[in-house]
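A.B. asks: Each chain, written out:
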Amino acid sequence: MQRLLARIMPVAVLSPTIILTTIFIYGFIVFSVILSFTGSRMFPRFNFVGFDQYTRLFANPRWEVAVENMLIFGILYILLSTLIGLTLAILLDQKIRNEGVLRTIYLYPMAISFIVTGVIWQWILNPGLGIQTFMRNLGFENFTFDWLVQNDLAIYCVVIAGVWQVSGYIMALFLAGLRGINTDIVNAAKIDGAKTWQTYRYVILPELRPMFLTAFVVQAHLAIKSYDLVVALTKGGPGFATELPSTFMYSTTFTRNEMGLGAASAVIMLCTIAAVVVPYLYSEIRNERRSA
Amino acid sequence: EGVEVLHWWTSGGEAAAVQVLKDSLEAEGYSWEDMAVAGGGGDAARTTLRARVVAGDPPTAAQLLGMQVTEWAQEGFLGNLNSVADAGGWNDVVPAAIQQFGTYEGEWVAAPVNVHRPNWLWMNREVFESNNLDVPTTWEEFNAVAEQLQDLGIIPLAHGGQPWQDATIFDDVVLGIGGPDFYQAAIIDLDEDALSSDTMVAVFDQMRTIRGFVDDNMSGRDWNLASAMVVRGEAAMQLMGDWAKGEFIAAGLTPGDEIMCATAPGTEGAFLFNTDFFAMFDVDAGDAEAQQALAAGILDPGFQEAFNLVKGSIPARTDVSPDNFDACGQQSISDMAAAAEAGTLMGSMAHGHAQPSAIQGAMVDTVTQHFNSDMSSADAVEALVTAVNAAR
Amino acid sequence: MSVAALDDTPPSGSEQRAEVDWGARFSRIAVYGVLIFAALVFLVPLMSMIFTSLKDMDEIRGGNLLAPPSDITISAWLKAWNEACISVQCDGLAPYFVNSLMIVVPAVAISVALGAINGYVLTMWRFPGADWVFGALLFGCFIPFQIVLIPMARMLGIMGIAGSIPGVVFVHVVYGIGFTTLFFRNYYASVPKELVKAASVDGAGFWGTWWHILMPISWPIVTVAVIWQFTGVWNDFLFGVSFSSGNNQPVTVALNNLVNTSTGVKEYNVDMAGAMISAFPTLFVYIVAGRFFLRGLMSGAVKG
Amino acid sequence: MTTLAVQDIKKSFGPTEVLKDIDMEIGTGDFLVLVGPSGCGKSTLLNIIAGLENQTSGQVVIAGRDVSNLQPKERDIAMVFQSYALYPSMTVERNIGFSLEMAGVAKATRTERIKEVAELLKITDLLNRRPSQLSGGQRQRVAMGRALVREPQVFLFDEPLSNLDAKLRVDMRVEIKKLHQRLGATIVYVTHDQIEAMTMATKIAVMKGGIIQQFGAPKDIYDRPSNTFVATFMGSPAMNLLKGTIKKDGAAWVVDHGTEKVAVPRHVDVSGLREGQEVLVGIRPEAVHLASEVAHDSRIDQGWEFDRSIDVTEPTGPATLALFEVDGTEFHASLSGDADVQAGQSYRFKADLSKALLFDALSEQRIAHVDETNQPQETQAA
Amino acid sequence: MTTLAVQDIKKSFGPTEVLKDIDMEIGTGDFLVLVGPSGCGKSTLLNIIAGLENQTSGQVVIAGRDVSNLQPKERDIAMVFQSYALYPSMTVERNIGFSLEMAGVAKATRTERIKEVAELLKITDLLNRRPSQLSGGQRQRVAMGRALVREPQVFLFDEPLSNLDAKLRVDMRVEIKKLHQRLGATIVYVTHDQIEAMTMATKIAVMKGGIIQQFGAPKDIYDRPSNTFVATFMGSPAMNLLKGTIKKDGAAWVVDHGTEKVAVPRHVDVSGLREGQEVLVGIRPEAVHLASEVAHDSRIDQGWEFDRSIDVTEPTGPATLALFEVDGTEFHASLSGDADVQAGQSYRFKADLSKALLFDALSEQRIAHVDETNQPQETQAA
Ligand SMILES: Nc1ncnc2c1ncn2[C@@H]1O[C@H](COP(=O)(O)OP(=O)(O)OP(=O)(O)O)[C@@H](O)[C@H]1O
Ligand SMILES: Nc1ncnc2c1ncn2[C@@H]1O[C@H](COP(=O)(O)OP(=O)(O)OP(=O)(O)O)[C@@H](O)[C@H]1O
Ligand SMILES: [Mg+2]
Ligand SMILES: [Mg+2]
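Residue numbers (my numbering), protein chains in the order written: chain A, 1 to 292; chain B, 1 to 392; chain C, 1 to 304; chain D, 1 to 382; chain E, 1 to 382.
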């Protein structure tokens with residue numbers, strides 16, 4: 001009996017999670033896939049329409065913009081916040097005085113709801129109110145920073161605000177990773193003549209591999225779901241130049257009462273994520289096994 | 001027993017207005033459970049509403065905008081208010097154009113609270129007078145005035161680059177250039193000929209012209225910041241609904257005095273409206289009584305006056321005395337009565353009183369895309385037709 | 001090294017740390033330079049918020065939104081805290097804090113605890129298919145909330161916890177476990193397996209090993225997970241607004257109600273003060289949790 | 001009574017076969033020492049006995065109970081890990097007392113026991129430190145303490161003294177032996193130290209490449225290694241092996257290794273020998289003396305005297321090692337510590353053949369002794 | 001030339017004073033072995049030399065350059081860590097070649113060197129594994145490989161062979177010595193193995209409690225330990241110390257330890273002795289023989305014969321240890337391996353006094369020998 005318990009314990013412990021995940025994530029995904037083949041509007045209706053919703057989706061110029069923005073936003077957001085977060089974490093790990101204060105400063109953007117900080121960012125990035133005016137008042141008459149009002153550049157403003165918000169958290173994540181590394185191997189690298197950057201590049205960062213995976217999942221998740229960010233900062237504008245799949249999904253499903261179309265966009269979104277994430281997950285897990 | 005009311009009037013004057021309703025209901029001995037969800041002009045509240053309904057726990061009443069009442073009624077979630085309506089004589093005092101949204105298949109399902117008029121032009125009197133400018137009554141005049149202002153270094157039109165603000169102007173331009181019949185055909189009936197007509201091209205031309213009168217930093221600006229520009233005299237005019245009055249009053253100015261109000265260029269004689277309804281959900285018998293009381297209370301003339309004085313809009317029934325309203329309000333009331341007579345009282349597309357959400361969204365998309373890019377008018381017309389068809 | 005005894009000053013030079021040769025004073029200055037510069041950049045929006053919250057509305061309407069206040073007033077803070085009218089209630093944000101706390105505490109506790117246990121099982125008690133379970137959990141993190149809203153509402157209705165605080169807690173737990181599991185599993189991946197072996201020889205069972213051996217070295221990652229969950233749940237709007245009802249709405253919904261008005265007058269000073277007030281608990285958590293970020297836990301754990 | 005039986009254990013890590021059919025039994029109170037070259041599978045075997053690794057096939061039986069499928073904590077064992085595996089977050093005191101804590105032993109008793117063990121290991125003043133604040137040897141002693149504080153059926157020690165100085169090691173050895181006697185526990189002990197192996201074991205198992213080469217009492221292993229591997233593995237410097245051919249020199253058998261002839265030791269059973277057979281003569285370095293020193297030693301009744309010029313000398317304290325060449329192979333002699341020899345000079349040596357061994361050069365198996373021919377020779381594990 | 005000088009090094013961890021004024025110098029090509037009980041500060045000292053820990057005060061000078069404030073990589077050292085400190089995510093090959101990679105050595109050369117080192121360490125077939133897939137001894141060899149692949153000014157080895165079997169250890173010892181000779185590098189080597197210490201060192205420093213007790217050539221340390229600590233620390237089993245009082249027995253000085261009298265060894269300078277002085281006579285176990293065995297050994301010109309009943313015997317292979325009691329203290333004798341002694345029986349022993357030492361019981365310092373009285377005695381490090 002006891003032996004049996006010990007054997008099934010791991011699975012037993014995981015089972016609540018497995019059950020919840022199966023129903024509330026995968027069940028819902030299946031549900032959405034089904035919906036995407038229906039003409040559902042305000043509520044789920046099972047009047048199947050084949051691939052109509054997908055056809056409509058791809059004919060929709062807003063979706064096109066949303067996908068394009070997703071690429072720009074997703075890539076830049078992940079890259080920049082990783083870079084900044086990692087840099088800050090590494091620098092903070094150099095026996096810094098007042099580390100706690102700095103850490104909290106980097107983290108605070110996460111704390112404040114974007115419902116409000118979005119307004120601030122609007123002001124800061126608005127050429128008539130923020131940085132541009134500030135610089136011009138300082139005497140740089142030709143200073144121009146008007147991305148927010150440029151159709152094709154506004155998305156970069158969303159990137160800036162997004163990176164500002166999340167970098168601190170990524171920093172915390174990497175800092176936790178760094179703090180878990182055995183100091184002996186760092187010493188060994190010093191003896192082996194590695195320069196600082198080499199120590200990080202070859203010894204410490206490889207140890208942080210799992211943390212990179214964690215950071216990536218967190219960032220990708222935030223990028224895909226950055227709804228507040230866009231709504232608060234640009235409301236999707238100018239025009240719908242800063243539309244993202246998340247805002248598209250939301251407005252089609254809830255504002256415009258096109259649940260079928262919304263579901264179709266969600267399904268496409270999930271497939272895209274799967275195309276990026278699954279190979280990454282696979283290679284990470286495999287790599288782990290190899291070195292285990 | 002009592003009511004649970006879902007609405008998005010959470011702050012400032014709006015909240016105060018709700019308080020009026022709550023007080024009047026509580027005076028009748030019913031409790032009021034407040035379920036307020038602000039944001040996105042009711043977007044968030046509607047999402048919540050759907051979650052509540054799906055969970056099998058709908059509120060007693062929910063604030064909805066015109067076309068949405070119809071959409072909810074179609075789904076079969078709304079209750080029947082006919083007895084209250086008959087008792088209150090709603091059919092007689094509520095203009096037909098508004099009744100059309102409050103009823104579904106001949107039965108009352110929602111009680112109208114107010115009437116907003118989106119097609120106002122607000123102007124800074126000092127700017128106009130010191131520069132000897134006249135209030136424009138057509139789009140040509142508007143263009144001329146705007147050019148003069150531009151030469152003077154004053155921003156002609158204060159605007160916030162958000163899709164609904166763009167669409168508000170679009171409504172005005174369609175109505176102003178095409179006239180009420182064209183508006184009816186193109187915007188309300190979605191007549192394809194009208195949608196793709198030369199008039200529509202001209203409308204987009206005018207939109208492009210207007211874009212030239214707006215400062216470059218308009219993107220994403222909230223409407224109240226645009227109003228503040230008019231207050232400060234940085235900008236001369238704003239095309240905005242009558243809710244802008246609240247912002248002017250808060251700045252210490254009097255609408256109709258320091259801030260002049262006029263109907264949007266070319267829309268004289270017509271009246272675009274948007275109305276907030278409280279849609280009544282099918283509820284248990286226990287709560288039904290309170291629900292009926294709520295509906296009756298909403299249409300009560302005393303309440304209608306008190307509420308709309310606070311809210312800045314005008315009553316949804318025509319028999320309320322205009323005396324206590326400000327100049328612009330009084331003009332609104334008389335204009336509405338006239339328009340109702342003339343059959344030019346029409347729902348605003350930008351504010352959800354012309355098309356179901358999907359089509360409205362598609363139209364707004366095209367408008368805002370055109371306004372924020374260098375799309376040609378012809379292309380815009382084509383895009384409009386395509387988008388509308390795709391959303392049908 | 002006792003965790004409790006640590007304060008925020010980093011260990012003195014005599015401690016062994018992973019600090020690498022930033023020997024020269026110059027690079028030391030450069031490090032501080034970069035860190036402080038970054039801190040200033042990060043602080044700009046906060047400054048602007050503080051400035052605005054200390055102005056009165058006339059100054060905001062009339063002046064530069066980013067400029068410091070000419071005369072300072074804290075009335076906006078008082079108003080946001082307990083005077084502002086949010087719809088028909090004029091008690092400010094204060095009453096909603098309780099709701100948020102009642103949501104956030106169990107939601108964070110449960111999801112972090114579950115995540116820690118899951119991470120533990122997935123690394124130390126591997127069973128066939130463990131990687132698949134983990135992969136599936138991870139992928140689940142990407143589910144768009146838009147598609148879960150309606151079915152979740154239905155499920156909550158069926159379970160009878162719709163419109164209640166337990167319902168909101170439940171939703172946050174469901175969509176939080178993926179992340180907390182990820183955090184812990186990837187942190188535990190680098191913990192030497194020998195520790196768990198030693199514990200099992202010492203007679204520690206499944207739970208004993210987790211509690212006595214792994215948890216004490218998990219502080220940095222607990223911090224990370226708590227920060228993530230706390231921030232996510234505290235700042236959540238969508239679930240809070242969809243699955244709570246009138247009198248148990250979280251503070252974000254109240255803040256949103258305070259800030260958002262479609263046709264009314266905006267009071268930016270109150271908005272900013274409200275935003276900062278509602279962020280205090282999160283900031284508090286950051287500061288408290290930050291104490292567990294110090295080094296010295298794993299070093300010297302094993303010989304090999 | 002058999003306390004611990006390891007039956008047909010096999011273990012592979014992926015394609016790497018680490019243990020190949022390990023089979024042995026020890027009784028209650030036995031002290032089994034596992035020796036073998038680095039990487040031969042000793043730690044893996046301990047892990048399998050402890051239940052920390054799953055064997056690919058085979059059973060582990062403890063006190064008559066098949067524990068193959070039991071959890072480590074159900075097997076009633078204590079273990080010292082080669083890598084220590086101290087709990088980084090716990091103080092030394094809690095590290096040591098952890099198993100008692102888990103067993104629900106009362107706080108007072110625990111403190112008492114921890115104190116005893118700490119005294120024994122001389123780490124009393126370290127009890128409040130954490131592992132990261134200890135030196136290597138101190139960590140190792142804490143690791144020992146974790147096992148010693150318990151009273152299990154079986155103790156598993158994986159090189160528990162490797163990082164201790166000789167003095168401490170002697171003390172620890174004594175303590176472990178005392179513990180062994182006091183508890184009568186069964187002990188499996190991995191060590192690389194020959195003295196440890198010889199002085200502590202009741203049984204030694206010599207492993208190589210996942211196979212047990214010989215299993216027996218220490219004296220047997222040392223004096224009667226079953227093959228050249230065991231012979232050269234035990235003892236340092238290793239036993240010298242001289243290659244030669246069996247010849248008949250009158251009635252006597254001799255091994256002709258080219259330059260000289262060495263008599264076949266008297267205790268070797270010559271019945272199986274044939275002329276021309278290739279053999280290896282095994283002579284331990286400590287059996288080689290300076291002829292001058294043992295000139296009067298009557299006990300060396302069969303010796304082999306030869307002259308060689310020393311290549312290298314190494315004084316180790318108690319002994320002086322001399323290295324020279326015999327027939328092209330290195331030959332070690334362990335002379336007395338005060339032997340006054342110098343490299344480059346020639347000396348006369350005398351090897352005591354009474355302990356010399358003879359191996360078949362082909363099979364590398366030892367050729368049996370006279371007293372063994374009746375009973376079957378003990379080679380592989382029982 | 002002095003390659004490595006450690007000057008007035010002090011080190012504290014918080015309140016714990018670990019090194020107390022360490023001061024020593026070694027020249028190019030010197031092989032310094034650090035020995036001392038567990039926790040005496042050996043690893044700490046190595047870490048300070050390497051620049052991995054900051055000394056509390058004092059300087060480290062390498063090749064005439066004060067490196068106290070330099071980074072480890074600027075000090076041109078290689079180190080084997082007691083805890084191995086292998087890079088977990090790298091293969092064995094990359095672990096070994098990492099320092100070369102950092103130094104920008106070309107790929108081909110690197111592979112070549114790694115291969116050589118791997119062969120030497122017998123880990124060629126493990127090159128593609130990761131540390132977690134290795135046995136303890138294999139890990140230790142990889143750790144060695146990381147140092148051996150380089151050619152620095154100074155090598156620091158922290159118990160590099162503790163987890164290897166005797167045979168491998170002998171091989172490694174030889175390789176390290178070869179490396180030492182080939183590169184002429186300076187080596188600092190921590191070990192607990194006396195044979196390693198005695199055979200490899202050109203200089204030995206015996207530490208205790210953060211203080212160097214004696215610094216000198218191996219033979220000096222062994223034969224002329226400056227105090228009882230050094231005397232008992234080096235050598236296993238430890239030197240026997242008999243407490244007694246100086247007496248004059250006619251012209252001869254003797255030590256009276258109650259039951260018997262032992263002559264003061266002839267090489268001890270008696271000029272400082274006074275009657276009634278409390279002393280300790282140090283006799284190494286290997287200097288004690290069965291009287292019967294050495295009856296004819298003419299070299300033992302000054303002996304002490306006594307009868308004792310043996311309490312415990314321990315055969316270690318090459319030797320048999322006998323434990324008995326002299327005046328209430330334990331006394332070890334290391335008899336020849338084939339000595340046929342049994343516990344419980346009484347034997348006549350003869351201790352060779354030619355190597356015996358005399359210590360003052362109070363100061364525990366050795367009483368000088370005749371040949372030392374002219375020159376100052378070498379005790380502390382230079
Ligand atoms: N971080 C620390 N805090 C306090 N004391 C420490 C710390 N690190 C080491 N020590 C102490 O310093 C002393 C010297 O340690 P060191 O590692 O140098 O010993 P060692 O001579 O190498 O011993 P061993 O032979 O056991 O490896 C030990 O007593 C140890 O307990
Ligand atoms: N995870 C693994 N994957 C592949 N091979 C492994 C793994 N773990 C151990 N081995 C191999 O198994 C063999 C036996 O390892 P084990 O640790 O039992 O050796 P050992 O006898 O204890 O050696 P040592 O004396 O060096 O500690 C070694 O050759 C090792 O390389
Ligand atoms: Mg091992
Ligand atoms: Mg050490």
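Careful, some of the hints might be misleading.
Derived DSSO-like pairs: lysine-lysine, alpha-carbon spacing no greater than 27 Å straight-line [unchecked claim]:
1. D:K122 to E:K208
2. E:K208 to D:K350
3. D:K208 to E:K20
4. D:K122 to D:K167
5. D:K167 to E:K208
6. E:K243 to D:K122
7. E:K10 to D:K115
8. D:K247 to D:K122
9. E:K355 to D:K208
10. D:K350 to E:K20
11. D:K243 to E:K167
12. D:K219 to D:K20
13. D:K177 to E:K219
14. E:K350 to D:K355
15. E:K208 to E:K247
16. D:K10 to E:K243
17. D:K219 to E:K177
18. C:K193 to D:K178
19. E:K20 to D:K167
20. D:K261 to D:K115
21. A:K95 to E:K10
22. D:K167 to E:K122
23. C:K193 to D:K219
24. D:K167 to E:K350
If you're looking for bench data, these hints aren't it; they were derived computationally from the structure.
A.B. asks: When the structure is checked against the list of hints, which entries are broken? Sort them ascending.
C.D. replies: Violated hints (numbers, rising): 2, 3, 7, 8, 9, 10, 13, 15, 16, 17, 18, 20, 22, 23; every other hint is consistent with the structure.
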